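Novice: Protein sequences, first through last, are from chains A and B.
When we follow our numbering, the leftmost residue of the first sequence carries the number 4, and every step to the right adds one.
When we follow our numbering, the leftmost residue of the second sequence carries the number 338, and every step to the right adds one.
Treat the hints as calculated values from the structure; they're not laboratory data.
Here the structure is a predicted model, which means the values were calculated and not measured.
Heads up, the beta-carbon is just placed ideally off N, CA and C, and yes, glycines get one too.
Please note: incorrect hints may appear among the correct ones.
Unchecked claim - The following residues of chain B were derived to be distant from chain A, with all beta-carbon distances above 12 Å:
no. : residue
1   : Arg380
2   : Pro407
3   : Thr507
Stated by the list, open to error - Distance windows between CB atoms, simulated:
no. : chain 1 : residue 1 : chain 2 : residue 2 : range
4   : B       : Glu464    : A       : Ala158    : 51 to 57 Å
5   : A       : His20     : B       : Arg355    : 37 to 43 Å
6   : A       : Leu184    : B       : Thr426    : 36 to 42 Å
7   : B       : Arg356    : A       : Thr166    : 35 to 41 Å
Spelled out, the chains give:
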Amino acid sequence: MTDPRGWRYAEVAEVRHDTPHSVTLCLDVPGRVRHLAGQHYVVRLTAEDGYRAQRSYSVASAPDAPLLELFVERLEDGEVSTYLADVVEPGDELEIRGPIGGWFAWNGTTPALGVGGGSGVVPLISMLRHNSDNFRIAASVRTAEDLPYANELTAAGALIAVTREDFGGRAKGRLTAQELLPLYAPGAVCYVCGSAAFAEAASMLLLDIGVPTEDIRVERFGPSG
Amino acid sequence: MSRPTRGFVGKRRAPRDRRLPPGQYDIGRDFPVLTAEVTPSVRTERWTMAIDGLVRQPGKWTWDELHRLPQEEYRGDIHCVTTWSKFDTRFGGVSVDLLLDQVEPLPEATHVLATSTTGYTTNLPLEHLRNGKAWLVWTHEGKPLHREHGGPVRLLVPHLYFWKSAKWITKLTLLDHDEQGFWERNGYHDLGDPWTEQRYQGD
Ligand SMILES: Cc1cc2nc3c(=O)[nH]c(=O)nc-3n(C[C@H](O)[C@H](O)[C@H](O)COP(=O)(O)OP(=O)(O)OC[C@H]3O[C@@H](n4cnc5c(N)ncnc54)[C@H](O)[C@@H]3O)c2cc1C
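With the hints as extra help, turn the sequences into a complete structure.
Specialist: Here's what the structure looks like:
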């Protein structure tokens, strides 16, 4: 197939374990189509007997970065995430397709606010790397050690909410509307990403601080994200 | 055919149920939510359902008018493109056939664009809404359809991936050509048949 976003094989160039329950994969994608920050790829795994499993993963790298970077949270007993986290090595090839999605995507020219829960931070990292001048970010995680891209988030002055531990002078607890208010500039488009439950709660906070419904874009990471 | 991925065996959980299309798993009792927008609250007093486009007489129904029509129940399976399927679930409402018969589609109508109160759209071939394959529903498991699941009224087209079953439905527009909806413009398939895994454009 000649579809530039269709199935193709990418070579795994780098495998990192930046947090205890995750893997970061950097892929060399032949003939890669430039993605918009926020878009995702699909990874498809095939067993010897033809059995297949496919899952979506958001792009963490900036559109102009040479390698495509994915951050995958390892879910206990998850079919694809445990394979990616435990088995994949540099030099392996992975079947992928993308980039996909045109709604949860940002071209970097207008002010935006990202609110991510857990691995929902990943597409927001792509946005941050693309244009940090126009982008504010709030990240929510259960424990500090599980925060993806902790150094970059800290350096960018992100609001970091850790729900189960006190962290950086902030008492443990969920994100609040009060915390989000100073990050929001009227007119900014808000990108909310994470599990279905997180996305629901975070969009309600944004509505509470007066963000118009049409300025909120939501990406829900499947059933249990 | 894809090349095998080194070292991948997969978790073939439990023997596969014949009701499960390829690449899907049984979610059990859960009913996850997947939408791109903020969940709206739609007030039934103000809500209307319209059918327009290539029809002999455009139709519009209020919540009460819809409830006065003969009701039907769908009992069966639903399949979401994010890979979960839900078996043996019940929705109640009216058959789309009933509404289409009232507006009388013109012979040149081939496709339908479904629109939600949020502006969400999805496209379907008209024949896939015909002959007992599609409903407008407002109950689930005998209770009012929760707004997170598209209440007060959603479209139900259970033989296609569930994004075709537009939540918070308010309009069907009949067309003589296929016009891509929200997910379809963003790379998802125009038909979305779970049995042949039509997830993305080109599948
Ligand atoms: C647009 C999009 C973007 C995404 N981006 C990212 C991203 O950047 N990073 C990321 O980490 N994730 C992302 N996700 C989520 C990702 O696609 C996967 O859903 C996730 O990695 C889990 O897949 P899995 O195969 O490991 O787990 P699965 O095998 O699908 O299982 C998920 C959970 O359900 C349980 N489960 C599944 N089936 C059964 C069963 N039969 N019986 C019992 N339990 C079961 C598992 O134990 C596990 O906890 C994204 C999802 C979407 C839709």
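Novice: Is it correct that the beta-carbon of B/Thr507 has no partner in chain A closer than or equal to 12 Å?
Specialist: 16 Å, holds
Novice: Quick check on a hinted range of 36 to 42 Å for A/Leu184 and B/Thr426, using CB atoms only.
Specialist: 40 Å, holds
Novice: Are all beta-carbon distances from B/Pro407 to chain A longer than 12 Å?
Specialist: 35 Å, holds
Novice: Indicate whether the distance between the beta carbons of B/Glu464 and A/Ala158 respects the range 51 to 57 Å.
Specialist: 56 Å, holds
Novice: Taking 35 to 41 Å as the hint, is the beta-carbon distance of B/Arg356 and A/Thr166 inside that range?
Specialist: 38 Å, holds
Novice: Holds or violated: 37 to 43 Å for the Cβ distance of A/His20 and B/Arg355?
Specialist: For B/Arg355 against A/His20, whose Cβ atoms are near 40 Å apart, the range 37 to 43 Å holds.
Novice: Beyond 12 Å from chain A, beta-carbon-wise, is B/Arg380?
Specialist: 15 Å, holds
Violated hints: none; the structure is consistent with every hint.
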